[in-house]
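Q: Using the sequences and the accompanying hints, generate a full structural model.
Chains E and F, in that order, are what the protein sequence lines are.
To convert, note that position 577 of the first sequence is 577 in the working numbering; the numbers rise steadily by one, no gaps.
To convert, note that position 376 of the second sequence is 376 in the working numbering; the numbers rise steadily by one, no gaps.
Take these hints with a grain of salt, some might be off.
For identical chains, the list gives no copy identity; a pair is met inside one copy or between any two copies.
The calculated PhoX-like cross-link candidates involving lysine-lysine, where the alpha carbons are at most 25 Å apart (straight line), are [unchecked claim]:
hint: 1; residue 1: K87; residue 2: K548
hint: 2; residue 1: K548; residue 2: K89
hint: 3; residue 1: K548; residue 2: K176
hint: 4; residue 1: K40; residue 2: K290
hint: 5; residue 1: K580; residue 2: K551
hint: 6; residue 1: K144; residue 2: K61
hint: 7; residue 1: K580; residue 2: K568
hint: 8; residue 1: K604; residue 2: K551
hint: 9; residue 1: K343; residue 2: K176
hint: 10; residue 1: K395; residue 2: K352
Keep in mind that the hints were calculated from the coordinates and are not lab data.
There are 2 protein chains.
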Amino acid sequence: MDRRQAMEAVRTMLADKGADAIIIPSNDCHFGEYVPDYFKVRGWLSGFDGSAGTLVVTARKAALWTDSRYFIQAAKQLEGSDIQLMKLKVAGTPSVAGWLHSQNVSKVIVDGDLFSRQDFLSLGLELAPATLQAVEDPFREIWKGRPALETKPVRLMPENISGRSIADKCAAVAEKLSCNGPYACIISACDEIMWLCNIRGEDIEYNPVALSYCVLTEKGVHLFCHLDSLDPETRSYLESQNVALHEYGSFREFLRGLDPEVTRICKSSSINVNNWDAAFASVPAAEVGKRFKEDPVAGGSVAWLRSRKNPVELAGFRNAFINDGIAWVKLLRFIDENLQSGKLNEYLIAEKLKEFRNECPDYLGESFEPIVAWNANAASAHYSVTCEADAARIKPYGFLLMDTGAHYPYGTTDTTRTLMLSDRNDFTGRSDRLLQQMRDDYTLVLKGMIDLATAIFPAGTRGSQLDILARGPMYHTGKMYYHGTSHGIGHHLCVHEAPQIRMEESPLVIDEGMVLSDEPAIYIEGQYGIRTENVITVVPYTESEYGKFFKFDTMTLVPIDIRPVNFKLLSHKEEQWLYKYNEHVYETLKPFLSKQEAAWLWHKTTV
Amino acid sequence: MDRRQAMEAVRTMLADKGADAIIIPSNDCHFGEYVPDYFKVRGWLSGFDGSAGTLVVTARKAALWTDSRYFIQAAKQLEGSDIQLMKLKVAGTPSVAGWLHSQNVSKVIVDGDLFSRQDFLSLGLELAPATLQAVEDPFREIWKGRPALETKPVRLMPENISGRSIADKCAAVAEKLSCNGPYACIISACDEIMWLCNIRGEDIEYNPVALSYCVLTEKGVHLFCHLDSLDPETRSYLESQNVALHEYGSFREFLRGLDPEVTRICKSSSINVNNWDAAFASVPAAEVGKRFKEDPVAGGSVAWLRSRKNPVELAGFRNAFINDGIAWVKLLRFIDENLQSGKLNEYLIAEKLKEFRNECPDYLGESFEPIVAWNANAASAHYSVTCEADAARIKPYGFLLMDTGAHYPYGTTDTTRTLMLSDRNDFTGRSDRLLQQMRDDYTLVLKGMIDLATAIFPAGTRGSQLDILARGPMYHTGKMYYHGTSHGIGHHLCVHEAPQIRMEESPLVIDEGMVLSDEPAIYIEGQYGIRTENVITVVPYTESEYGKFFKFDTMTLVPIDIRPVNFKLLSHKEEQWLYKYNEHVYETLKPFLSKQEAAWLWHKTTV
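A: So, in structure tokens, the structure goes:
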């Protein structure tokens, strides 16, 4: 079934349903960051397989909206189709609703599994006077050869690793929900469910989650997953914690059967509209408002509680960073020793790190697609090479940026290091001036990373208040980066979770026990990219009449390349921090390294 | 008419209106920071004359809510009355609505002049099922001996000082309002009206504003003020700019006469509910939503435009800071030379500064009640002495905090300096350890002030993102201050205006031409208070592929006391900034000082 046939089938379906258009987003019904192949309808229909894009199909036309990261890729992949490329944030590009208005549509449909209640409502307002209707998956019948939904084993996350029983977590969530009377808190995010139920899955690439839903009531937890995936041990633990087990496919039916009197609690930004409709099926229309309560915690009660790691989780993280630090040191030594051979390439380095990580029996896999990017490649956002043929051969000059992370049963890592492959001019083939700029940029990124890592702040501080500490140093050169400074990191869970430290305001406060990345960067298009990323955790600093104050403690244990540093740009404190950090890495990892490795690390971390 | 009689009259009025309670706030009908005596109903009725407090009177009881600044004063002033003191933010204190519920009231009234539409709506929700009704000023008849509403002359702010014609400003506002079709933008804030109409008044203490309202339409401006207050020159300028003049008292009638079809634009947080009702009197209830548009700019279009000062205004500010700097230098020398005499007190110093300011013929008066506070007095928020008898005699040890500002026709100033009266131990009568803490606190405040003043930031940065630059240094000692870091300053207008730099989020961005205070502080109860405040303005720094970047330029010209500085806590850059700043003050002011004054200043600013 080729793209043309698929498009024809969709148009026939539209005609059958009396609809003029369908909007197809990128996400799945759980709104996670990664999407199982089963849900990649947009890719199947358009040929465009980037991570972000919205396809709209009418009876005669089709258009695909994507952002600047994907302009080139999308144009290439849409070639030979009748799909028009719509470049987001480019002047003159209409919005999806604006374009549909210009097509004079009067009825638009969407797969109600793929739109949150919130987005569905706002899209409906934008599309008026055209009507918007949510339908059950309209592709089920017409997509021939659709990939199956994979259902892999679900593992138990024992309490000696998770640090807290399910019952205990549920009680904490219930307290946050502060609902009088019977309630049903509907949770759609798979990673929240994994945390709450002390389990992990492997249904989604890089994300140790099982496709699942969950309903928390005042009486206990209902977990919806593929029951065959549970081994006896997991099943018996779940049952011992009062978790009622249901088949994944029975979730909507369960929602339809909810008592009309029960208060439905959820985030309207994360429940899909088909589930919403099912949850309120038994409630008279006039009483829906009365029976619905938005999750009272910004970002959601479960996500908030999960973000503040307990001491057992934190100990696991520290262990994970030791394992990962050992592998990184081996990799850095490998690069150092093979740089002149002419045989290094980006793909090989990523593979080599996997190999070194594999030496640790606890290693479970990468936490995201690794980025190994040499010079100009590192300036492209989300660069990654999936095969050796596409990888750049690395010559001994310029910057090599490596951003990779790993899962261990007790923690997830995420580390970026940028190496200056030679500090000698004659290797670079570049002007002295450019070399100086490269050193300065490297130093400003490092300075920002250190300034955030050494911040002290009172309880109640939000991420947006801290962001400037990481960005401030580079502002003096008129430079910026367009991504966030920091994201929360899951405990053997998704590498991206709440909260964030970024320019945009968010009401979430940075609180004790949170584990966050710290990753300022500078990208010079066509030349190089620099990013230095450590993972930091929030610990108590002091308590005074003004309340609690926090500081960060750095968890990552990978040496930072000091060769490119322009020490004139560092304050005395920053310089001290840098030396102490590398020394700490050496002292912590030394017991786990061979004599040769330790000697190499000593040499690299001592001046 | 004493307090008891007044209370009886209010209760009779309540009975007449069939109401169970009345809520009396502190503000007037324009919601400005200062309130003319005419509106001080709460003070008249309760005896409590602090700036913040809400009085609630029922048929049998009365209660007054105020915040911690006023707990002691209110308790004293309420003595002998039956009014219960309600301490805000103290555990167990009920809210106004909560308390009224406990009194079983069923009908509550307020003076609809004194509640914004927004506050009235939310109060109504809180009070339900009791009803809330807005009435016309219920005190007009019963308050015998009520102070008159003063109507003082209105002056023209010529375009060579304001830098922009009324027509030009109106066009800029109209663009922000972006309203298709006929509209009436209702402006209630007197300072916004002064800016828009290039006039100034003197109806409110410290604030050069005339009591006024304004309606901006697509055809021109309607100004409502006391017409007798306009001199012929002002009147003819206003008329030449297409400003239709109306009597202040005819405003509500004008609102009632608005065409039903016209779109009413306002901020629902700043239009009082009686004016709101009048403005929609001609609109059928079902169409109110259709005919109302919230001002599309957060904080209001006029306030936003006013906050970005034009080059003529900025030049005026610089001139004002020269005048003020001269007076300050004379004052600092006076203190220096009279410190040992034993004759200095807080009141005298404030008076002396007035005297020195008066030497400049352009000086128009203070921009707020001056704060001159010695040692422990400076730790009390909002300390001020209004007569010599209350003023502390100043001995030559510890800290003297002075926070004062002035109006000139072309600019408003606001400066705080803290002097260490002796740096010798034997004078302090305090331990070495305390003296070291005082020096460190002084230095951390200064460090924060410098760090904000030297910030670089991209266009689009909000105040909450910059705040940590001023607070960060003191966080290391677990210290904080509970006020904002910075407020906008009016151009010969109110000393407090938008925007702000503070911990709380606000969508207003810090933009070119804004004039802001920079005033971190440390207060140690019972011991001392330290605040150092400069005024800074936003100027271009650079423009790159990442857009525009801004920096601050410091306008204040008053030397900073370097004697208390612990230079170990300053970075090299901060130290350089400090010396350069004092040098700049000396060089700029020297031409305006006597030889003796200049010599004194040279000595104080040179190391």
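Q: Could you run down the list of hints and mark each one as holding or not?
A: Quick rundown of the hints versus the structure:
1. Taking CA atoms no more than 25 Å apart as the test, K87 paired with K548 passes between copies only; the shortest distance there is 24 Å, against 47 Å inside one copy.
2. Taking the shortest Cα distances, K548 and K89 sit within 25 Å of each other only across copies (18 Å), while inside one copy they are farther apart (42 Å).
3. For a Cα distance limit of 25 Å, the shortest separation of K548 from K176 inside one copy, 21 Å, qualifies, whereas the shortest one across copies, 43 Å, does not.
4. Proximity of K40 to K290 under the C-alpha cut-off of 25 Å is found in neither arrangement, the shortest distances being 36 Å within a copy and 42 Å between copies.
5. For the identical chains of this complex, K580 and K551 are intra-copy neighbours only, at 17 Å inside a copy versus 33 Å across copies, given an alpha-carbon limit of 25 Å.
6. For the identical chains of this complex, K144 and K61 are intra-copy neighbours only, at 22 Å inside a copy versus 77 Å across copies, given an alpha-carbon limit of 25 Å.
7. Proximity of K580 and K568 under a CA criterion of 25 Å is satisfied in both settings, with 18 Å inside one chain copy and 21 Å between copies.
8. In this assembly of identical chains, the alpha carbons of K604 and K551 never lie at most 25 Å apart, being 28 Å within a copy and 39 Å across copies at closest.
9. Proximity of K343 and K176 under a CA criterion of 25 Å is satisfied in neither setting, with 56 Å inside one chain copy and 60 Å between copies.
10. For the homomeric pair K395 and K352, the shortest alpha-carbon distance inside one copy (17 Å) is at most 25 Å, but the shortest distance between copies (73 Å) is not.
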